[in-house]
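Those protein sequences? They're chains A and B, same order as listed.
Heads up: the first sequence begins at 1 in this note's numbering, then just goes up one per residue.
Heads up: the second sequence begins at 1 in this note's numbering, then just goes up one per residue.
Among the hints, erroneous ones may be present.
Here are the simulated DSS-like cross-link-like pairs (lysine-lysine), alpha carbons at most 30 Å apart as the crow flies [to be verified]:
| hint | chain 1 | residue 1 | chain 2 | residue 2 |
| --- | --- | --- | --- | --- |
| 1 | B | 146 | A | 41 |
| 2 | A | 41 | A | 7 |
| 3 | A | 50 | B | 152 |
| 4 | B | 32 | A | 41 |
| 5 | A | 56 | B | 138 |
| 6 | B | 117 | A | 41 |
| 7 | A | 56 | B | 4 |
| 8 | A | 56 | B | 117 |
| 9 | A | 50 | B | 32 |
To be clear, the hints were calculated from the coordinates, so they are not data collected in a lab.
Fair warning: this is a prediction, and the values are worked out from it, not measured in the lab.
The primary structure of each chain is shown beneath.
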Amino acid sequence: MLVISRKIGESFMVGDDIEIKILKIEGAEVKIGISAPLYVKIYRSEIYQKIVQENKIAAQTNVDNLKGVIPGD
Amino acid sequence: MLYKTKFGDMDINDDQIITFENGIPGFPNLRKFILLARESDNPIHWLVSLENEFVAFPIVNPWIVCVDYSLNLSHLDIQELNIENQSDLNIWAILTIKDDPSQATINLLAPIVVNLKNRKAKQIIQEESNYSVRHLVKDEVEKSKKIIENSKTGSG
Numbered sequence: 001m002l003v004i005s006r007k008i009g010e011s012f013m014v015g016d017d018i019e020i021k022i023l024k025i026e027g028a029e030v031k032i033g034i035s036a037p038l039y040v041k042i043y044r045s046e047i048y049q050k051i052v053q054e055n056k057i058a059a060q061t062n063v064d065n066l067k068g069v070i071p072g073d
Numbered sequence: 001m002l003y004k005t006k007f008g009d010m011d012i013n014d015d016q017i018i019t020f021e022n023g024i025p026g027f028p029n030l031r032k033f034i035l036l037a038r039e040s041d042n043p044i045h046w047l048v049s050l051e052n053e054f055v056a057f058p059i060v061n062p063w064i065v066c067v068d069y070s071l072n073l074s075h076l077d078i079q080e081l082n083i084e085n086q087s088d089l090n091i092w093a094i095l096t097i098k099d100d101p102s103q104a105t106i107n108l109l110a111p112i113v114v115n116l117k118n119r120k121a122k123q124i125i126q127e128e129s130n131y132s133v134r135h136l137v138k139d140e141v142e143k144s145k146k147i148i149e150n151s152k153t154g155s156g
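Next comes chain B alone, as it looks inside the complex (with noise of 0.2 Å):
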């Protein structure tokens, strides 16, 4: 089926799309999106609207830029999500990218979980965390260099 989409008509198989059964937050009417890989922007990938032409999301895998990142998913989200099996998962962390990339954040406070089983998806809070909406890309990934330099020179 052919959709609108913020990068122009695609042609979208039903097996392709993803599911937010009860949207994102800010956009609640907006469920059906679907992940764009384009090898100009790796390792950056959208989660693209087919709903709204003027919606996507630019996203990481979140480890790729905190290398230390934890994620708890709750009793419910494991529920809404019919999650069998740890491996059918797929982390997002949504990026905000302004006019100047080098001070692109993260939201590492509310990621994006997909089921690539059955293709739900869900954006959870973790409000027990102490992450924010707002994480500077740069600082997190100097961070993550150190903790790498450290474990190198700790095994030795």
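Only chain A is shown next, with the shape it has when bound in the complex (with noise of 0.2 Å):
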């Protein structure tokens, strides 16, 4: 992993059309302010982990164990 440091206000490139920008540091927290073309998707790390994770999951599951699973039906 590549590791830099910057001051507030600061900022690096990633390619030739994103820049990222330390924009507040506040006790543990940073405030980052992203500038990137619509096509490039930004999620938080974890968000798009736990969709991996649950994906992974349910692309396993039993072809037949789909009794009960919509109560009521």
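Since each chain sits alone in its own frame, please combine them into the complex, following the hints.
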């Protein structure tokens, strides 16, 4: 992993069209501004990872085990 | 063309294939899927991979489980799927079903959106919503019943 130090108000580029700027540091929290083209999707990693995990479990569902999944069905 | 799937060998025409151009989170290399409806599983359907015979997602129309479900498509989603008409859309939520079916959960945070017109699909992430990847199906069904009952008494 590349590690770079930045001060508040400083930024760095990822490729030619993504700029990441340090806006504010408060205790253990950092506010970061990201300027990127619309087609670049930005997610908090933990949300994305949760979806990955859930998809991996769901993909392995036993195909003969659906009785009673939707109550009143 | 013949494909090996979780449901055995399936003869699939190209026009039945749904394409996830960027894959699905956790399965970035899987792009070709079909929707499978088995009468015995209704209302649950299956999103079946044509490229990995071990992958099939049980899916359901989220409004069957959660009557007041809300979905917000971003401009990016609309662009990516070339959505022209809302009526072309097919929305699904993935179910997670382990040993005890009464503990099944539904992923309301990241629904599957299919544009039936061009058969492009995407799992979208509703990051600004309060939904999570794991809502207990029976709780959501219970809540939905109450909402329906209240709306009946409310309308007189």
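Going down the list of hints, with the structure as the test:
1. 146/B - 41/A: Answer violated: residue 146/B to residue 41/A is near 37 Å, above 30 Å.
2. 41/A - 7/A: This hinted pair holds, its Cα atoms lying about 25 Å apart.
3. 50/A - 152/B: Violated: residue 50/A and residue 152/B sit about 37 Å apart, past 30 Å.
4. 32/B - 41/A: 22 Å, holds
5. 56/A - 138/B: 22 Å, holds
6. 117/B - 41/A: Status holds; Cα separation ~24 Å.
7. 56/A - 4/B: 19 Å, holds
8. 56/A - 117/B: Holds: residue 56/A and residue 117/B sit about 28 Å apart, inside 30 Å.
9. 50/A - 32/B: It holds: about 23 Å lies between the C-alpha atoms, which stays within 30 Å.
This entry does not satisfy hints 1 and 3, going by the numbered hints stated previously.
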